[in-house]
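Novice: Residues per chain, in single letters:
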Amino acid sequence: MHDMILEMLGRVLIPATQLFGAYILFHGHLSPGGGFSGGTIIGASFIFYSLVYRFSAKKHRLRHETSLWFEIGGALIYVGAGLVGILFGRHFLTNQGVFPIGEPGRIWSSGMILLVTLGIGAKVAGTVFKLFQELLEGGAEQDGHH
Amino acid sequence: MRKTLTTAVLLGLLVLLTLMVVEMPLYGDPNAPAHQGIMQKYLDDSARDTGAINTIAAIIIDYRAYDTLGEATVLFVAVIAVTAALYGGYEHA
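Top to bottom, those sequences are chains A and B.
At position 144 of the first sequence (counting the first as 1) the number is 144 in the numbering used here, and the numbers step up by one without a gap.
At position 76 of the second sequence (counting the first as 1) the number is 76 in the numbering used here, and the numbers step up by one without a gap.
Where hints are given, some of them may not hold.
[To be verified] Simulated pairs of lysine to any residue, SDA-like, Cα-Cα distance not exceeding 20 angstroms:
hint, chain 1, residue 1, chain 2, residue 2
1, B, Lys41, A, Leu30
2, B, Lys41, A, Ile101
3, B, Lys41, A, Gly97
4, B, Lys3, B, Ala84
5, B, Lys3, B, Leu13
6, B, Lys41, A, Thr94
7, B, Lys41, B, Ile59
8, B, Lys41, B, Arg64
9, B, Lys3, B, Leu14
10, B, Lys41, B, Pro30
11, B, Lys41, A, Pro104
12, B, Lys41, A, Gln96
13, B, Lys3, B, Ala85
14, B, Lys3, B, Ala81
[Claimed, not checked] These stretches of chain A come out as covered by chain B in the derived footprint (C-beta under 8 angstroms, 3 or more residues):
hint, stretch
15, 31 to 45
16, 68 to 82
17, 100 to 111
18, 116 to 122
19, 125 to 134
Please keep in mind that the hints were generated in silico from the structure rather than gathered at the bench.
Beta carbons: idealized from backbone N, C-alpha and C, even for Gly.
Isolated chain A (complex conformation) (with noise of 0.2 angstroms):
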């Protein structure tokens, strides 16, 4: 099945998604929002384009291993930043000292934060569309081993 005014509306409105939830990820330490909202959005977006795409072409459809790798990389970039403060021999996730500061108030500032902000985006984005893919399909996949 091939709906084309599901596919337009996805065309113009995934990219606008992503676009907001990267711009709500990247603010998280200015204004209101950070990874977990910014992540849900991007996450939303990847619904958006399993459900536009779920029908048509087999190789249009996102694989698990996709959402797998945003889960993983998102954990590796949040313990990652942590292990950084340890081996400049100070606590595990130390921001002061060890993650230039920068300005207060410029987006490439306060260190840390920015990057793991980045990371739970993608971790969080990765859990929602799993479990979105999950109960989408499990449940067919499991009727073919029957």
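Please arrange chain B on chain A, whose structure you already have, making use of the hints.
Specialist: Just chain B now, kept in the frame of chain A:
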């Protein structure tokens, strides 16, 4: 056997969590740790300490970054739980 074990673990968790709630300071208690000046410290120093002008972000990802790591783990466990619930019956099916 499995049911008894599950009930025992859940009852143990109930006792632990109830004990923790009893230990918590009353709502609006002026002697609670949250009202001993930590609020003012966050408001005054967070921009200098962390470089973030959003104090909430400064608290959850800098001062309390370790708790947020636990929060991210909750998401991970949620995914595992859903996956296990959907695929769990394979061997017995």
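Novice: Look at each hint and say if it fits the structure.
Specialist: Cross-check of the supplied hints:
1. B:Lys41 <-> A:Leu30: Within the cut-off at roughly 19 angstroms; holds.
2. B:Lys41 <-> A:Ile101: 18 angstroms, holds
3. B:Lys41 <-> A:Gly97: At roughly 19 angstroms apart (the allowed maximum being 20 angstroms), Gly97 of chain A and Lys41 of chain B satisfy the hint.
4. B:Lys3 <-> B:Ala84: Status holds; Cα separation ~19 angstroms.
5. B:Lys3 <-> B:Leu13: 15 angstroms, holds
6. B:Lys41 <-> A:Thr94: 18 angstroms, holds
7. B:Lys41 <-> B:Ile59: Judged against 20 angstroms, a Cα distance of about 11 angstroms means the pair holds.
8. B:Lys41 <-> B:Arg64: 14 angstroms, holds
9. B:Lys3 <-> B:Leu14: 16 angstroms, holds
10. B:Lys41 <-> B:Pro30: 17 angstroms, holds
11. B:Lys41 <-> A:Pro104: Distance of about 17 angstroms is within 20 angstroms: holds.
12. B:Lys41 <-> A:Gln96: The hint holds at about 16 angstroms.
13. B:Lys3 <-> B:Ala85: 18 angstroms, holds
14. B:Lys3 <-> B:Ala81: 19 angstroms, holds
15. 31 to 45: Answer holds; 4 residues pass the 8 angstroms Cβ test.
16. 68 to 82: Since three or more residues must qualify, the claim that chain B covers the stretch 68 to 82 of chain A holds, with 6 doing so at under 8 angstroms.
17. 100 to 111: Since three or more residues must qualify, the claim that chain B covers the stretch 100 to 111 of chain A holds, with 8 doing so at under 8 angstroms.
18. 116 to 122: It holds, with 3 qualifying residues against the three required.
19. 125 to 134: Check passed, 4 qualifying residues.
The structure fails none of the hints (numbered hints given earlier).
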